[in-house]
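Chains as they are written, first to last, in this note's numbering: chain A, 130 to 477; chain B, 130 to 477.
Simulated from the structure, these hints should not be mistaken for lab results. Take these hints with a grain of salt, some might be off.
To be verified - To give a feel for the contact side, a few chain B residues facing chain A, derived at Cβ under 10 Å:
no. : residue
1   : ALA150
2   : GLY152
3   : LYS358
4   : LEU419
5   : LYS424
Glycine included, C-beta positions come from ideal geometry on N, C-alpha and C.
Number of protein chains: 2
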Amino acid sequence: MRQHNYSAGELRQFSERAFKALGLVPNDACLLADSLVQADLWGHQSHGIMRTFWYGARILSGAMDVGSTPTTIVDGGAIAVIDGNNGIGQVITHNAMHQAITRAKKHGIGAVAVRNSGHFGTAMYFTRLAAIEGCIGFLSTNASPAMAPWGGRKKLLGTNPWSIAAPAGDYPPMILDIATTAVARGKLYMAKQRGDSIPFGWAIDEKGNQTNDPIAGIAGTILPMAGHKGYAIAAMIDVLSGVLSGSRFADGVTGPYMREGRSGAGHLAIALDISAFRPLEEFCHDMAQLIGKIKNTPRTPEAEEIFYPGELEARAEQHHLKIGVSIPQDTVAELNASAQELGIGGLT
Amino acid sequence: MRQHNYSAGELRQFSERAFKALGLVPNDACLLADSLVQADLWGHQSHGIMRTFWYGARILSGAMDVGSTPTTIVDGGAIAVIDGNNGIGQVITHNAMHQAITRAKKHGIGAVAVRNSGHFGTAMYFTRLAAIEGCIGFLSTNASPAMAPWGGRKKLLGTNPWSIAAPAGDYPPMILDIATTAVARGKLYMAKQRGDSIPFGWAIDEKGNQTNDPIAGIAGTILPMAGHKGYAIAAMIDVLSGVLSGSRFADGVTGPYMREGRSGAGHLAIALDISAFRPLEEFCHDMAQLIGKIKNTPRTPEAEEIFYPGELEARAEQHHLKIGVSIPQDTVAELNASAQELGIGGLT
Chain A
130 MRQHNYSAGE LRQFSERAFK ALGLVPNDAC LLADSLVQAD LWGHQSHGIM RTFWYGARIL
190 SGAMDVGSTP TTIVDGGAIA VIDGNNGIGQ VITHNAMHQA ITRAKKHGIG AVAVRNSGHF
250 GTAMYFTRLA AIEGCIGFLS TNASPAMAPW GGRKKLLGTN PWSIAAPAGD YPPMILDIAT
310 TAVARGKLYM AKQRGDSIPF GWAIDEKGNQ TNDPIAGIAG TILPMAGHKG YAIAAMIDVL
370 SGVLSGSRFA DGVTGPYMRE GRSGAGHLAI ALDISAFRPL EEFCHDMAQL IGKIKNTPRT
430 PEAEEIFYPG ELEARAEQHH LKIGVSIPQD TVAELNASAQ ELGIGGLT
Chain B
130 MRQHNYSAGE LRQFSERAFK ALGLVPNDAC LLADSLVQAD LWGHQSHGIM RTFWYGARIL
190 SGAMDVGSTP TTIVDGGAIA VIDGNNGIGQ VITHNAMHQA ITRAKKHGIG AVAVRNSGHF
250 GTAMYFTRLA AIEGCIGFLS TNASPAMAPW GGRKKLLGTN PWSIAAPAGD YPPMILDIAT
310 TAVARGKLYM AKQRGDSIPF GWAIDEKGNQ TNDPIAGIAG TILPMAGHKG YAIAAMIDVL
370 SGVLSGSRFA DGVTGPYMRE GRSGAGHLAI ALDISAFRPL EEFCHDMAQL IGKIKNTPRT
430 PEAEEIFYPG ELEARAEQHH LKIGVSIPQD TVAELNASAQ ELGIGGLT
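I would like the entire structure built from these sequences, with the hints used as guidance.
In structure tokens:
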């Protein structure tokens with residue numbers, strides 16, 4: 130497949146242009162574009178600029194209300210509840226994480242529950258903000274149905290991603306950012322395209338039987354990571370994100386791939402101000418020790434290097450800032466077709 | 130194997146007697162005994178009364194200091210840091226969770242980091258306390274080295290269990306309580322005893338190669354659950370529990386199976402007061418809806434019932450309260466031999 134390299138700045142400007150044309154105020158357009166391009170920089174292209182017009186379609190249908198602003202429902206010192214009023218998930222979540230950090234700086238810990246938000250893209254985009262501010266950041270969200278409860282064969286719970294980030298002194302932050310499914314659904318589509326079978330443990334068919342056939346798996350449902358443990362995590366993330374905030378939960382949430390329908394996604398953002406617990410330098414010193422121990426562990430025959438959580442993304446970012454982000458030619462064509470419809474300049 | 134049924138009361142009295150003889154003050158002996166017997170009631174016998182004298186050995190060696198009391202290092206409104214002073218993990222953790230709940234009732238959320246504690250047994254014993262008080266409870270701990278970082282072949286990180294519990298109205302609380310390893314080490318020993326092979330994905334041998342031989346796996350190291358995801362969770366739990374609290378971390382922690390050596394385990398307890406976010410009745414109403422959806426999901430051919438997280442334990446407890454807990458004859462013999470050494474009455 131032909132590829133073309135773009136600088137982060139070029140991608141950001143293009144996506145920002147699109148979101149402004151779609152009616153976002155400049156600050157919101159800038160934030161949303163930056164969050165998508167940051168995913169590209171980290172090597173997560175599935176969550177990158179290619180999603181610009183997925184959000185666009187939901188904005189045009191009115192499913193996402195770009196004119197709304199979040200409302201604070203509860204302002205309770207260390208905690209808050211925000212109603213996103215069906216606005217832009219990234220904008221609402223940025224606001225929530227910022228508030229959690231501010232409250233943590235005052236109370237040692239801060240938590241913000243968010244209802245009626247939307248898909249926020251990449252969780253670590255927001256938890257990283259907490260780490261930069263000397264906090265441990267936690268963020269979770271529920272999502273549209275992607276998997277069955279353990280023992281079930283009908284989708285009920287979302288991939289329900291969650292992230293935790295912590296500063297690490299001279300190292301880039303240590304960041305966990307995972308979904309609770311065994312694999313991304315995209316991997317089944319890729320196997321189908323290639324005519325490959327899939328490993329058992331990825332999916333079950335419509336009748337609930339384990340399958341190694343990607344077509345049967347797509348018709349059925351993805352399995353949770355780590356079996357019943359991943360199911361239990363997904364259920365609990367739904368409680369934290371959807372039930373605690375008073376948002377939708379389980380099969381009540383609409384995903385970003387649907388053109389129509391309020392999302393109803395809920396989130397929970399928590400920040401812990403490290404310096405309230407112990408001096409930040411001591412914490413960062415111990416983080417460097419931990420990272421050193423991880424990286425110096427004797428390796429398996431296949432492993433060329435051991436990475437700490439978040440290190441691969443930090444390294445990809447450095448790489449892509451130097452050489453640019455390589456976007457497949459057909460993605461560029463799709464983006465430019467949508468840009469033309471909007472009457473804005475494309476990627477050149 | 131011959132079994133004998135004991136009531137929870139008989140088991141509790143026996144274990145309490147033992148801990149008093151080992152020098153614990155009555156309240157601490159009562160709490161520690163209750164936490165062990167509760168694990169038996171939930172069907173987690175590996176964490177039950179059979180562990181009485183594992184703790185006993187560490188008390189006798191001086192590794193656990195039953196005369197120490199926890200010190201509050203930081204008292205910061207919504208947060209606190211406690212030094213366990215190498216006392217009894219269960220006692221220290223009970224104190225920490227209680228403080229987290231009290232602080233949550235005042236600030237909406239409360240967090241207590243604990244350093245220099247010890248093995249606390251079953252995490253859900255403590256998070257359940259938060260759920261009973263109308264809070265969502267979170268608890269994590271680090272633990273002695275049990276697995277390698279992803280790509281490594283030498284143990285560095287613990288099983289690092291964590292738990293989240295939430296009230297569910299008329300239903301018993303929804304509770305997640307998991308370790309981050311693919312399986313408990315005990316399953317490898319069981320396979321070895323039976324001469325069975327183990328599935329690939331459970332363990333690697335000393336050279337770091339995947340193995341289906343339990344003996345090679347025991348010599349090597351257990352793998353994390355869900356591959357690199359479980360590794361990343363384990364690392365982050367160590368940050369939350371060990372690094373944030375200023376306790377030991379990574380291979381610095383000593384496990385409960387060792388007779389000697391300060392544990393150095395650290396924990397993090399967090400409580401969120403639900404009624405600060407939304408009316409508790411509304412929350413519980415939605416929890417009942419979520420549980421109803423989970424339980425009514427169409428099932429796979431093998432599944433007779435779908436359980437929500439924590440339901441199996443609640444059901445086991447009801448069952449064992451009625452018919453008693455069945456303890457294998459050889460466990461009774463071992464417990465009674467130790468009881469005789471201590472000069473206390475055994476299980477009859």
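Tested hints:
Interface hint at B/ALA150: violated, since its Cβ lies 37 Å from the closest Cβ of chain A, which is beyond the 10 Å cut-off. Against a cut-off of 10 Å between C-beta atoms, the interface hint on B/GLY152 is violated, since the closest Cβ of chain A lies about 31 Å away. The criterion of a C-beta within 10 Å of any C-beta in chain A is met by B/LYS358, whose closest approach is roughly 5 Å, and the hint holds. Taking 10 Å as the C-beta contact cut-off toward chain A, the hint placing B/LEU419 at the interface holds, the least distance being around 6 Å.
For B/LYS424, the interface hint holds, the least distance from its beta-carbon to any beta-carbon of chain A being 8 Å, beneath 10 Å.
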